[in-house]
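Colleague: Listed below, chain by chain, are the residues.
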Amino acid sequence: AQKVTQAQTEISVVEKEDVTLDCVYETRDTTYYLFWYKQPPSGELVFLIRRNSFDEQNEISGRYSWNFQKSTSSFNFTITASQVVDSAVYFCALSERETSGSRLTFGEGTQLTVNP
Amino acid sequence: DAGVIQSPRHEVTEMGQEVTLRCKPISGHNSLFWYRQTMMRGLELLIYFNNNVPIDDSGMPEDRFSAKMPNASFSTLKIQPSEPRDSAVYFCASSFFRGNTEAFFGQGTRLTVV
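Going down the list, the sequences are from chains A and Z.
Take the first sequence: its letter number 58 is residue 58 in the working numbering, and every next letter is one higher.
Take the second sequence: its letter number 48 is residue 48 in the working numbering, and every next letter is one higher.
Do not rely on the hints blindly, as some may be mistaken.
[Stated by the list, open to error] Derived DSS-like pairs: lysine-lysine, alpha-carbon spacing no greater than 30 angstroms straight-line:
| hint | chain 1 | residue 1 | chain 2 | residue 2 |
| --- | --- | --- | --- | --- |
| 1 | A | 38 | Z | 68 |
| 2 | Z | 24 | A | 70 |
| 3 | Z | 78 | A | 38 |
| 4 | A | 70 | A | 38 |
| 5 | A | 16 | Z | 78 |
| 6 | A | 16 | Z | 68 |
| 7 | Z | 24 | Z | 68 |
| 8 | Z | 78 | Z | 68 |
| 9 | A | 38 | A | 16 |
| 10 | A | 38 | A | 3 |
| 11 | A | 3 | A | 70 |
| 12 | Z | 78 | Z | 24 |
These are calculated hints, taken from the structure and not from any lab test.
Note that the coordinates shown come from a computational prediction; the quantities given were computed from them, not determined experimentally.
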């Protein structure tokens, strides 16, 4: 069975600091998909990124970057120069098997607070 | 597209009452998911449909929960009778069928059973 672990329950930083959110996953499938979602205080779940298991290229999108390492089963998320608006709960998630659609197993979430 | 639409946004009901949550997926998506979010258990999948057919309902907590998808643009999650421990935020999400696509979530329904 698949599992996603986000060991950091809460992180608090000061604005403009860089912060990395950790995600470790377990799966027996050779093909799988990893995701990050953001849940701001308003409560909705916002998709941030999807990564396929066969593509270990790191990705950068503005202040966001993701480091995928199959050797350590990790998919970490870094926010550079954090801003107060980044305050949210961030979820890492895993989907197995192409035929299952985006059936997601979520981690516990990391509450990020960015203080001014 | 308006995204995934859920109704109601908030529901307060008394224990023992029937509750029906509604979801309209994104047009063209053929997979639909119901998730529940609680402090104790986090985000957990209750049931999902592919092409309107329930594929896996192993996450449905008990027989009091049922879900239907009568057509591609509508799904319901029903709890009867409701209990205080059902209090949670219920999310509906939709995606294309294949696993390498992201799911888009509705705003959620915050259910409180008193």
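Colleague: When the structure is checked against the list of hints, which entries are broken? Sort them ascending.
Modeller: Numbers 2, 5, 6 - these are the hints that the structure violates, sorted from lowest upward.
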